[in-house]
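Visitor: Following the hints, position chain A against chain F.
Number of protein chains: 2
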Amino acid sequence: MANPSAAMLVIGDEILSGRTRDANMHYLAGQLTEIGIDLKEVRVVSDDRVAIVAAVQELSQRYETVFTSGGIGPTHDDITADCIAEAFATTIDVREDARALLQTHYDRQGLELNAARLRMARIPEGAALIDNPVSVAPGFRMKNVHVMAGVPTVFKAMVASVLPSLTGGDPLISATLRINRGEGDIAGPLSELSLAHPNVSFGSYPFQNDGIYGANVVARSSDSSALKSAVEALRCAFPDAEE
Amino acid sequence: MANPSAAMLVIGDEILSGRTRDANMHYLAGQLTEIGIDLKEVRVVSDDRVAIVAAVQELSQRYETVFTSGGIGPTHDDITADCIAEAFATTIDVREDARALLQTHYDRQGLELNAARLRMARIPEGAALIDNPVSVAPGFRMKNVHVMAGVPTVFKAMVASVLPSLTGGDPLISATLRINRGEGDIAGPLSELSLAHPNVSFGSYPFQNDGIYGANVVARSSDSSALKSAVEALRCAFPDAEE
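Taken in sequence, the protein lines are chains F and A. Per this note's numbering, the very first residue in the first sequence carries number 1; after that it's consecutive. Per this note's numbering, the very first residue in the second sequence carries number 1; after that it's consecutive.
If a hint is listed, it holds; no wrong ones were tucked in.
Note: identical chains are not told apart, hence a pair may lie in one copy or across any two.
Below are the DMTMM-like pairs computed for lysine to aspartate or glutamate, each with C-alpha atoms no more than 25 Å apart in a straight line:
1) K156 with D210
2) K40 with E58
3) K143 with E125
4) K143 with E86
5) K40 with D223
Hint data in this document are derived by calculation from the structure and do not stem from the laboratory.
Chain F extracted, bound-state conformation:
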């Protein structure tokens, strides 16, 4: 049986303008691979209502689980929660449990829960909150869409809150062999191996170090015995490979 499928939507002008280098995609990809959920697609869009709503609708229909990052803070360009409500044709308002979390947090810090901060308690009708142990303002899950913060420390904490609730499949396991030959010499035998081991996917990632061309060849499978026999075949085909 195929593993559950997932997509990610990264929201933020700062990524597309090159100001900020996204870190959340790489983190989520690794976490999902470990629990056997296949990240099939990632999209990055700007802080634009039409673009966000369309992407949420498309991805949530096409994949079993969707994760978003960005756009749930207190400022005017944080429009993700409203866009999620619009995408699912539901209402959005300040919710009492979310407001209570923020009130306690800001009372403790001696800060006012002003109108801007209260925006972070706006939750679409029907959503479930996602715990934020870093800075309290919650994320939420609306149907199959998990809405999380863009700040990497908060994103990671929210992913940790969400992962136990997800049902994964067979974790993808992999083995890497380093072959100090040009990718063009590796490609032919690798193609044959690929046909002979249909349950294993082979990837080749070339490198060049001090003028030496080579490639890391990665075999991936969720079937450990299939992976084992593929690696043995790889070693036969490339006796000079290093683990």
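Guide: Chain A in isolation, oriented as in the chain F frame:
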């Protein structure tokens, strides 16, 4: 007049599995911003024919310029060129000028231009080659889609080959103020400033250092005098801001 729009398509299982952290998106985003082309969307898909073809068709219709990275090497999982041909309903075959480039390159290295390496000379009918000063195997432009390598050094070199051929708009310029207050205190005034300066976009990027909450507020515009007056208004609203 609005700046030209662009999208990027990153192709590769290694990104979605978390094995490799993509670097090309951040690089391209910065380069396009400098020449006044608005990167509106990025998608990441796996080495899957159906997914690549659909994304190329959608993005090339929706945006003025598209850039792809990945999947043009010699191995069996390098299927981007074939997918581009399919997306534009054209044929693909080894092309003589591309083959000649590779032949000279491998002759010089004393390596055989074998069947796998010859795959890198397969170019869709009607495409124009993109120069690769790093490792010779060319990229290509098919209609408005620029097809480039995934290896970051090669990607950068190909971007440098392509940029002079692109017509940009007004470069986006920006100014950043560091404000040592919680984002919830910044959000209200920032929202008013945003309404008062319609040609400037304001972004707020929170940080937390040693327990101090603050945010970098970035004002962006392609109109330098609008940016100047927005920054003056920002300084008035936040007299404690640091440049």
